[in-house]
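Asks: Take a look at the letters that make up each chain.
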Amino acid sequence: MLELISIIIPAVAGMFALTRQLHMLQQNSYYNSRYLSWAKENFGFKTIFSFFLFVISCSFISVDWFVLSIVSVLALIKIMHTFSFQKKAIKPLVFTARVKRMYVTAGIIFASLCVCAFLFENVASYLLIAVLVLFYFPGIVAVSVNLINAPIENLVKLWYIDDAKKKLRSLDEIKIIGITGSYGKTSTKHILARILNEKYNVCFTPGSFNTPMGVVRTIREYMKPQTEIFVCEMGAKNVGDIDEICRIVKPDIAMITSVGPQHLNTFKSIENIIKTKFELADSVKKKGGKVYLSTDNSYISEKSAEYDSVTYGTNLGSSYRAENITCGPTGTKFDVVYNDNRFTLSTKLLGMHNVINITGAVAIALELGISERDIIFAVSKLEQTEHRLQLKPFIKGATLIDDAYNANPEGCMEAVRVLGSFDGMKKVIVTPGLVELGEREYQCNYDLGLECTKYCDEIILVGKERSKPMIDAIATTDFDKNHVHVVASFKDAVAIMQNMLDSNYAVLFENDLPDNYAK
Amino acid sequence: MKTKVAVFFGGVSVEHEVSIISAVQAMHSMDKEKYEIIPIYITKDGVMLYGEKLGDIETFRRPSLETLKNEFEDVMITRDGESACIYSKKGGFGRRKPINSFDIAFPIVHGTNVEDGALSGWFELLGVPYVGCDILSAAVGMDKAVFKDVLSAAGIPVLPYVTFFGKEWATDKDNIIEKIESAFSYPVIVKPANLGSSVGISKAKDRRSLEEAVDLATSFAQKILVERAVTSLREINCSVLGDMDECKASECEEPVMTGDILSYKDKYISDSSSSKGMQTLKRKLPAEISEEKAKEIKDWACNAFKAVGCNGVVRIDFLLDTADNDRVYVNEANTIPGSLAFYLWEATGKKYKELLDDMISLGFKRDRAKKQLMFTYDTNILDGVGSFGSKGLKGSKF
Numbered sequence: 001m002l003e004l005i006s007i008i009i010p011a012v013a014g015m016f017a018l019t020r021q022l023h024m025l026q027q028n029s030y031y032n033s034r035y036l037s038w039a040k041e042n043f044g045f046k047t048i049f050s051f052f053l054f055v056i057s058c059s060f061i062s063v064d065w066f067v068l069s070i071v072s073v074l075a076l077i078k079i080m081h082t083f084s085f086q087k088k089a090i091k092p093l094v095f096t097a098r099v100k101r102m103y104v105t106a107g108i109i110f111a112s113l114c115v116c117a118f119l120f121e122n123v124a125s126y127l128l129i130a131v132l133v134l135f136y137f138p139g140i141v142a143v144s145v146n147l148i149n150a151p152i153e154n155l156v157k158l159w160y161i162d163d164a165k166k167k168l169r170s171l172d173e174i175k176i177i178g179i180t181g182s183y184g185k186t187s188t189k190h191i192l193a194r195i196l197n198e199k200y201n202v203c204f205t206p207g208s209f210n211t212p213m214g215v216v217r218t219i220r221e222y223m224k225p226q227t228e229i230f231v232c233e234m235g236a237k238n239v240g241d242i243d244e245i246c247r248i249v250k251p252d253i254a255m256i257t258s259v260g261p262q263h264l265n266t267f268k269s270i271e272n273i274i275k276t277k278f279e280l281a282d283s284v285k286k287k288g289g290k291v292y293l294s295t296d297n298s299y300i301s302e303k304s305a306e307y308d309s310v311t312y313g314t315n316l317g318s319s320y321r322a323e324n325i326t327c328g329p330t331g332t333k334f335d336v337v338y339n340d341n342r343f344t345l346s347t348k349l350l351g352m353h354n355v356i357n358i359t360g361a362v363a364i365a366l367e368l369g370i371s372e373r374d375i376i377f378a379v380s381k382l383e384q385t386e387h388r389l390q391l392k393p394f395i396k397g398a399t400l401i402d403d404a405y406n407a408n409p410e411g412c413m414e415a416v417r418v419l420g421s422f423d424g425m426k427k428v429i430v431t432p433g434l435v436e437l438g439e440r441e442y443q444c445n446y447d448l449g450l451e452c453t454k455y456c457d458e459i460i461l462v463g464k465e466r467s468k469p470m471i472d473a474i475a476t477t478d479f480d481k482n483h484v485h486v487v488a489s490f491k492d493a494v495a496i497m498q499n500m501l502d503s504n505y506a507v508l509f510e511n512d513l514p515d516n517y518a519k
Numbered sequence: 001m002k003t004k005v006a007v008f009f010g011g012v013s014v015e016h017e018v019s020i021i022s023a024v025q026a027m028h029s030m031d032k033e034k035y036e037i038i039p040i041y042i043t044k045d046g047v048m049l050y051g052e053k054l055g056d057i058e059t060f061r062r063p064s065l066e067t068l069k070n071e072f073e074d075v076m077i078t079r080d081g082e083s084a085c086i087y088s089k090k091g092g093f094g095r096r097k098p099i100n101s102f103d104i105a106f107p108i109v110h111g112t113n114v115e116d117g118a119l120s121g122w123f124e125l126l127g128v129p130y131v132g133c134d135i136l137s138a139a140v141g142m143d144k145a146v147f148k149d150v151l152s153a154a155g156i157p158v159l160p161y162v163t164f165f166g167k168e169w170a171t172d173k174d175n176i177i178e179k180i181e182s183a184f185s186y187p188v189i190v191k192p193a194n195l196g197s198s199v200g201i202s203k204a205k206d207r208r209s210l211e212e213a214v215d216l217a218t219s220f221a222q223k224i225l226v227e228r229a230v231t232s233l234r235e236i237n238c239s240v241l242g243d244m245d246e247c248k249a250s251e252c253e254e255p256v257m258t259g260d261i262l263s264y265k266d267k268y269i270s271d272s273s274s275s276k277g278m279q280t281l282k283r284k285l286p287a288e289i290s291e292e293k294a295k296e297i298k299d300w301a302c303n304a305f306k307a308v309g310c311n312g313v314v315r316i317d318f319l320l321d322t323a324d325n326d327r328v329y330v331n332e333a334n335t336i337p338g339s340l341a342f343y344l345w346e347a348t349g350k351k352y353k354e355l356l357d358d359m360i361s362l363g364f365k366r367d368r369a370k371k372q373l374m375f376t377y378d379t380n381i382l383d384g385v386g387s388f389g390s391k392g393l394k395g396s397k398f
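From first to last, the protein sequence lines are chains A and B. Quick note: the first sequence uses this note's numbering, first residue 1, plus one each step. Quick note: the second sequence uses this note's numbering, first residue 1, plus one each step.
Everything labelled a hint here was simulated from the structure, so no lab data went into it. Heads up, a few of these hints could be off.
What follows is a list of derived Cβ distance ranges for each label pair [stated by the list, open to error]:
no. : chain 1 : residue 1 : chain 2 : residue 2 : range
1   : B       : K97       : A       : C116      : 20 to 26 angstroms
2   : A       : Y160      : B       : R61       : 54 to 60 angstroms
3   : B       : D245      : A       : Q443      : 25 to 31 angstroms
4   : B       : S83       : A       : S29       : 27 to 33 angstroms
5   : A       : G317      : B       : M1        : 39 to 45 angstroms
6   : A       : K167      : B       : D74       : 28 to 34 angstroms
7   : A       : D502      : B       : D245      : 56 to 62 angstroms
8   : A       : I61       : B       : S83       : 53 to 59 angstroms
9   : A       : S112      : B       : A369      : 28 to 34 angstroms
Think of the CB as a built atom: it goes at the ideal place given N, C-alpha and C, for glycine as much as any other residue.
Full structure from sequences and hints, please.
Replies: This is the structure in structure tokens:
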């Protein structure tokens, strides 16, 4: 009897202890491999102590009262610990159907061990050891339950896909726009959805829900019966990924924003990337829909003739063209030109990539019957992203371009060019240069230094050591050394600017700035 | 998958029955392929009833509407996450499950306590998209005096008026009469400021009938409006459909009067056998007016619609002073007109089904535009302030 109780108690406590492990498994998107590397990182005193207690429990396995008391105390601690941890967690375990199914499987395992121990007394102590293993190391339960449930989860996934398809097909008047590209697809999606919103009920994949299951979830959770347009971002890491999403959503309109060497390690070659992105165009062509391609990307423009596509961008031959692009303290202004029409847009967003993305979104919006008046309004209301070429008022009435979160070399060069396009204003850059680029670091900073001499009036470099490559680059030009300042911290940079700035200055904060200085 | 439209009708209003007729008509005409209709009937004492049969006029053919409460579920509506949910008042264990939910609310109600923005305000609070005018435009449309003020500020012609409250009349009658008599000569029209369907309106030919008219009006409303009676007049009505972005006017109609002014009886009772509401009123449609006059009226109708900031379908009623070269005055607005003025739109070739479709789209459009605006800041000013106890806010940033 005592023996039976001493097996039931750890079994029940094991179910509670599982919570924390499932919690971590959930935060690792149910990947056993990711979960295990988390467990490895968190390997420490607790695990060793558990192992120690486990060995003691096993060595006294025949002394019922001893095992029972040690297990009872520990069970109580574990149960309490589970509750307090879930209460404190920033993002506690979400009891989804999947998690519930895992609890059920774990429950069956524990229960069958207990029942067996009751039926077959001769092996009871072995079963007790088995339960103790699971009790002391609940991670083992989590991983096995995850493995056991995998085939079921697969079926559930198929059911979800099927359900999403059914829901989508039940909306017979819905127009589906697929957007893909190596970069720019997320911002283009937001811009397009914002413009279409003036006339239609729009549903779009939120955040970066751009995998097949992310799209399925969007359809099932966010799509409403009154939805008229679905803007679907499609991401890819492997050949066939886009096709898989296309087979679910069957898009009517395709848009490819860019092709570049992203996820090259999984794609193997740039040809594979191009092929994958154009899976979207193939799917839409089959349905007789229109394909929108950016002409500002050489990989894409090579293919545009093949698809009888609608082109957009800054190039002269584009069907929808951005012209007369100017920047200033209020943002960017440009004309969209198509057929014989021309109209002017202004936006708070800065940067050539935004102009191109807006032009693409406008092309589709016009096709879907949004009036120029509505487009002008929606574009003027586009929201800036925090610390990404974000326009803000600065001290002494100067204008600040906050690009603090930009750490990629191409993006930094573009930011400097954006600053350069603020006609008639004095231009200041504040930057510590680029970091964590390995071998390329010196060359990238050198290039950035050269670019700054072309467009800036004042260069403020943060960090003596760090700014060396840029100083080297500036030394090769005839840029006036009196306008180069090297300071130890951003605080010092702000101090210099206190005496320098007036309302005719534009200041670019480039890369890695703590927020409090950007005010 | 169909869009769930909850049609709200009835309400604590003298125009309760008219609203039932308008709502049932509309529910019959709505596109059943596209919409799932959920009737929500508000009883005369403000209880909300739920049930499919409430969409059928036969349900309401009974000696007393009171008995409906015994047959239909008494519900409450609150917001749950993204949608507005309907809950039964009957209990259950734990957290209640909604019995239904809806995507958009469609109020088809007339008169005070509902059409005056009360219902719109409730939808705003629920955070659910809804059809028709918002709080302000509905409230302005309901109060005839405020409506005239807004219109005259926008340069739209209205008849001048004198206004006062029932209590002032009871205590300061002579002064008010003097004020009226110095402003206008008899006959004058006396109206309760916030009632529709001509309830409580009468014409006064002299001081004695003025007192009678005001006494009648004060039993319907607290605020009274008196204006010059246009003795030789024509009434012309025109409907407007749209929102602040764009709107268009319908055909004009001329209702046919049996007495001095178009009465409640004319509007709803004279052809009682069919109980079909505004659409059966005797009228000339289109009104027999010149093309220029029609255009003038339509333009003023659109201007009034925008000045008040309406949404959906509104009917604007005009007076033509035939003694003064058919001079046009805007008389009043109905922000939820009887029968939703569909007959005026059918005359322009728009089917009732399409009209309802347009109205629902406009409701969703306003909701989208509203969601683009900022209503909350991410920073919580209460965070970090510390306790509001003895030390209070002294030590803080405030």
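Asks: Tell me the numbers of any earlier hints that the structure contravenes, in ascending order.
Replies: 1, 2, 3, 7 and 9
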